[in-house]
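Student: Numbering (my numbering), first residue to last: -14 to 280.
A few of these clues could be false.
Label pairs and their in silico Cβ distance ranges [what the hints assert, rightly or not]:
| id | residue 1 | residue 2 | range |
| --- | --- | --- | --- |
| 1 | LEU100 | LEU271 | 18 to 26 angstroms |
| 2 | THR278 | ASP190 | 20 to 28 angstroms |
| 3 | GLY48 | LEU100 | 26 to 34 angstroms |
Hints listed in this document are in silico derivations from the structure and should not be mistaken for laboratory results.
Please read these numbers as outputs of a predicted model, since none were measured by experiment.
From the three backbone atoms N, C-alpha and C, an ideal C-beta is built for every residue, glycine too.
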Amino acid sequence: MRHNKIIRLLAITGTLLTATAKAQEADKINPGLGVFAVTEQDTTPKNYIGISLQPEITWEKDGYKLGYYGAFYREENNPGTDSAWSTVASKVQAENEEWAFEIGRTNTRQYAGHLCTPTTSSFDNQGAGKGTTRNYSGMILTHKGTGLSLGQVSPNGNLKLSNLDQTLLGWARELSEEWAIQLQVAGDGKGLSRAGATIKWQPTDTTTTVAEGFYKEDETTTLLTASHKLTANLTLFGGAQMTWPEKKESCALLTAGASYKLGSNFTLVTAVQEKIGSDQETTGLLGLKYSGTIR
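Take the sequences, apply the hints, and build the full model.
Tutor: Okay, structure coming up:
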């Protein structure tokens, strides 16, 4: 059922893009489709394939901007099971120079390690599984000048008013060319549901470090990632995450490797990953990533 809804949504988006080409003010309408695809093979042997589709269409006039933004993801593990399509984001956003108002499902993680210091999809996905994503459905108002945001949200994908029972408070700010910070909490009258803090440090144009801490569903996770660009195409990276569940054994995942740009859209990745905990395991990994936007 969810797969059919996504196909229907992409069909509607395609109709909008066709109509846009015939509009008189087509220069003010900016449609696009982002595609991210990856395949990774490790030494267990286990093959991972993932794809993310990110349609968007925006319209601008007299300093105002209205847009639809989506992100839909699917993965397959062999040996393993094929997952269904999942909705990472599907929102409508209206904004001007001072304010931005969004309604729908959104990922509010602004200075994430996987954005600023990408490692491997395997590492990023296991981090997401430990609660490092911040997906909410609801309404969020953000003041651009201060970076402060206020929202009424639901932690699941249900947009019914009866489910928007949590208040979201956030602050995200580029403090300088080197430092950026994001703080966020969500909860209701019963107490805190989720909290996250992210600090990005970029001392040079070639080196970036991101440290994150999260609390979600009685589980605390910390994440540290770093990357250093040796040449225009070659980048070294490393990452470590540690999780402390309240009622289970703590676990950690370490990774280190290199990525090499083969062209404008393709990247070759090689890494070693170490799992620490009850299931200790060392694996090597070789992957290929594609990332591009069609407009």
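Student: Now tell me, hint by hint, if it's right for this structure.
Tutor: Each hint tested on the structure:
| no. | hint | verdict |
| --- | --- | --- |
| 1 | LEU100 with LEU271: 18 to 26 angstroms | holds (23 angstroms) |
| 2 | THR278 with ASP190: 20 to 28 angstroms | holds (23 angstroms) |
| 3 | GLY48 with LEU100: 26 to 34 angstroms | holds (28 angstroms) |
Violation of the numbered hints given earlier is absent; every hint is satisfied by the structure.
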